[in-house]
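**Q** Following the hints, position chain B against chain A.
Heads up: the sequence lines are chains A and B, in that order.
All residue numbers for the first sequence refer to the working numbering, where the first residue is 28 and numbers rise by one.
All residue numbers for the second sequence refer to the working numbering, where the first residue is 11 and numbers rise by one.
Hints in this document: simulated from the structure, not taken from any laboratory.
The model shown is predicted, which means the values in this text are computed figures rather than measured ones.
Each hint should be verified, as a subset may be incorrect.
To be verified - Here are a few chain B residues that face chain A, going by a calculated C-beta distance under 7 Å:
#1 D96
#2 S99
#3 C111
#4 A115
#5 L121
#6 V127
#7 H133
#8 P135
#9 L220
#10 P231
Unchecked claim - Here are some chain A residues pointing at chain B (derived, C-beta under 10 Å):
#11 E270
#12 L353
#13 R389
#14 T401
#15 A410
#16 R423
#17 T444
#18 H513
#19 A515
#20 L523
#21 A527
#22 D538
Ideal Cβ placement from N, Cα and C applies to all residues, glycine included.
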Amino acid sequence: MIDRVRTLLVWCPDWPVLAVEIVEGIPATDPVAVLHANRVIACSEAARAAGVRRGLRKREAQSRCPRLTVVEHDPDRDARAFEPVVAAVEQVVAGVEVVRPGACALAARGPARYFGGEERAAEQIVEQVAQAAGVECQVGIADGVFAAGLAARDGRLVPVGETARFLAGLPVEALGRPDLAGLLRRLGVGTLGAFAALPAGDVLARFGFDGALAHHQAAGRDHRPLAVRRPPPDLDVTETFDEPLDRVDTAAFVARALGERLHATLARYGLACTRLAIEAVTARGEELHRVWRHDGLLTSATIADRVRWQLSGWLTGRDRPSAGILRLRLIPDGVLAHAGLQPGLWGETGEERERAHRAMSRVQGILGPEAVVTPVSGGGRGAADQVRMVPWGDERVPARPAEPPWPGRIPPPQPATVPAGPPQVAVHDGAGEAVMVSARLAVSAPPARVAVGARGGAEVTGWAGPWPIDERWWASAEAVRRARLHVALSDGGALLLSLAAGAWTLEAIYD
Amino acid sequence: MTTGPAEHVPPPGDPTTTARPRLTDLPTGVTPAGAVTARPGADRGYPAPPPLAELLPGGVFRRGSSVEILNSGSLMLAVIAAAIADTRSWTAAVGMPDLGCLAAAEHGIDLKRFALVPHPGAHWPTVVAALVDGFDVVAVRPPSPLTGPEHRRLAARVRQRGALLIATQPWDNPDVTLRVTNQRWYGLGQGTGRLKYRTATVTIEGRGALNRAREITLWMPSPNGDPIATYDGTGEQISPASPAIRTIA
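Only chain A is shown next, with the shape it has when bound in the complex (with noise of 0.2 Å):
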């Protein structure tokens, strides 16, 4: 018979919903259900309280906990949120298999020995991840993982060979299957000893492979190895000078080794980085730091230019450090594993977009990486809020959907001068009294002159509108109510005036 591994779980409980309160701060002792697919798959305390359980429908589990805060299932968020837990373990253990987010499985003889004993192994890494992440958990400890997972529900240590014992009374639902669980109800298998006591070959050919390995788990023959995480490997390429670093040309020559480095490091896990994050830290102890990102790979040229760039900038900038730098750290970021570039075939390359990438490169290393921008038309009904600026090599995403219908947006011809800061103007009559919009869109009186700032201002020759802009009336922080004017001037101008909370302002310029 194969030893089975002595196993310790360490189970965080409603991990779903601590990740909430880790991610998004909406606290845990809150009634808090998360929802997947409409149904309810993991709650809080309170909300357990309140009668909220596991497959509830969203309109059942609220009509039981009206305060009930319910979040969308996020299976990213879960794992990001327990990479720290599994951080921590790492810490006083080694070789942590992460079974899901929420859950992490090590072999329990090392530490055991190491801290004298199953029950003090246990305490510590409680105690070491309450201490280094902030999360309460449980740990079970039994032969295989799987008994150890149920054995950390109840944070149990079953005894080395009372494993099938301990299994052996609870009830079938355990084995986390409920098709397979409803099934042996049926049939008068209530226990996982009733189960396991089942002759092997009837399983198999009853309930296929999966049943048959649900019984050997039963049984408690448990014979997954463990998968241990790999710690993810330190890449950071990191250099220290003897002499200050003050002169460009210096700087391209450590740019070159520290790129040709770090590419080195990277290809040899297999991986390639698309940011990169440089470093520096002056004799003066300043500390300078930039993310660069690119839309390909960064290959050892391309990581020599950024770093070269980036240092010549600092050396040569505006707001150069008052002392040279002494320490060079480059940090890999958005790591991949590299298995070739496949080049656009048609249209998206080419040598135009090649040079045009170089430049835009070097005016982000002149003025940072937020100064180069290119515009994404969305939806939206104002000149300006059609058009969302995204820093060069970020991800062109519009602010808004351009799908849904926009109504009242400016009709065509658009302006081709859209005013920043929309500077205020001064509409009057002709008798000169301001103009205003009645709340039944009523002119208080045609406009007659209009003054851009303290410019004399010129006669309105035409003028239409106005136009109302309601939007957003159900977010109080966000809510626009405007009013817009299209006016010709008699200077064969036209502008495209707004009227918001009794100021008009000049939105935008048909020039």
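**A** Leaving out everything else, chain B in the frame of chain A:
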């Protein structure tokens, strides 16, 4: 409730699709034959918008020249759009935080290939020089006048790269100056209508063959929606008597 203008408004569509159809609007993956073979006249310079082309020698802005475009953002966009039409060229605009990008799309400029450096700061000549290396057409609104060696260096860079530099503020010694001297919008009544189209009078002068200033009247945009078109004297309230092009002393 939100309502649109009372006037009959063309169905709002994506600004890139309402623009004049171009070869580049073909589905990606199809390369128009014209883009594979060299464009006629591509070696001579950047094509000018059709109404202006008849005033320029060869109908193009020469490679390596600097063009001053005053008083009109849409004229600048029209020049850029014509210069890079049917190519894969990229365009950059420096120091224009208030450029209407929807208007750019309406003129037919692909926003994916349009880079903006809205706030170049005091380093703007360096920024423009760096962009000239990578972009065929660079538009700039100089935050401060550029003179002396810096100007000469930049002009030499533009000439050497064969780029087209467009300045929207007075520029020292430009090859071509375009200036909107007179304009008139149509479509507005007293509380009715909306802005629809306009006529603009553009003065063009420059060096060499352009040393005599000439004046041309254009649609910008035209009644049938073209961002820029030759003035044909149609449209309301327009006397068809005045010739489109005049030479002024």
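**Q** Does each hint fit the structure? Answer for all of them.
**A** Going down the list of hints, with the structure as the test:
With its C-beta approaching chain A no nearer than about 13 Å, D96 of chain B sits outside the 7 Å limit, and its interface hint is violated. Interface restraint check for S99 of chain B: the shortest CB-CB distance to chain A comes to about 5 Å, inside 7 Å, so the restraint holds. Hint status for C111 of chain B relative to chain A: holds, with the closest Cβ pair at about 4 Å, below 7 Å. Interface restraint check for A115 of chain B: the shortest CB-CB distance to chain A comes to about 6 Å, inside 7 Å, so the restraint holds.
For L121 of chain B, the shortest C-beta to C-beta distance to chain A is roughly 5 Å, which falls under 7 Å, so the interface hint holds. Look at V127 of chain B: its Cβ gets to within about 6 Å of chain A, closer than 7 Å, so that hint holds up. Hint status for H133 of chain B relative to chain A: holds, with the closest Cβ pair at about 6 Å, below 7 Å. For P135 of chain B, the interface hint is violated, since its Cβ never comes within 7 Å of a Cβ in chain A; the closest pair sits about 11 Å apart.
With a cut of 7 Å, the hint placing L220 of chain B at the interface with chain A is violated, because the nearest CB-to-CB distance is about 23 Å. Taking 7 Å as the C-beta cut-off, the interface hint given for P231 of chain B holds, the closest approach to chain A being about 5 Å. Among the interface hints, the one on E270 of chain A is violated; its C-beta lies about 28 Å from the nearest C-beta in chain B, farther than the 10 Å criterion. Of the supplied interface hints, the one on L353 of chain A is violated, with its beta-carbon coming no nearer than about 26 Å to a beta-carbon of chain B, more than 10 Å.
Here the hint on R389 of chain A is kept, as its CB sits about 4 Å from the closest CB of chain B, short of 10 Å. With its C-beta approaching chain B no nearer than about 6 Å, T401 of chain A sits inside the 10 Å limit, and its interface hint holds. Interface restraint check: A410 of chain A against chain B, minimum CB-CB distance 6 Å, threshold 10 Å, status holds. Interface restraint check for R423 of chain A: the shortest CB-CB distance to chain B comes to about 7 Å, inside 10 Å, so the restraint holds.
Because the smallest distance between the Cβ of T444 of chain A and any Cβ of chain B comes to about 5 Å, under 10 Å, the interface hint for this residue holds. With its C-beta approaching chain B no nearer than about 5 Å, H513 of chain A sits inside the 10 Å limit, and its interface hint holds. With a least beta-carbon distance of about 5 Å to chain B, the hint placing A515 of chain A at the interface is held under the 10 Å criterion. The criterion of a C-beta within 10 Å of any C-beta in chain B is met by L523 of chain A, whose closest approach is roughly 8 Å, and the hint holds.
Interface restraint check: A527 of chain A against chain B, minimum CB-CB distance 14 Å, threshold 10 Å, status violated. Interface hint status for D538 of chain A: upheld, as the beta-carbon distance to the closest one in chain B is roughly 5 Å, under 10 Å.
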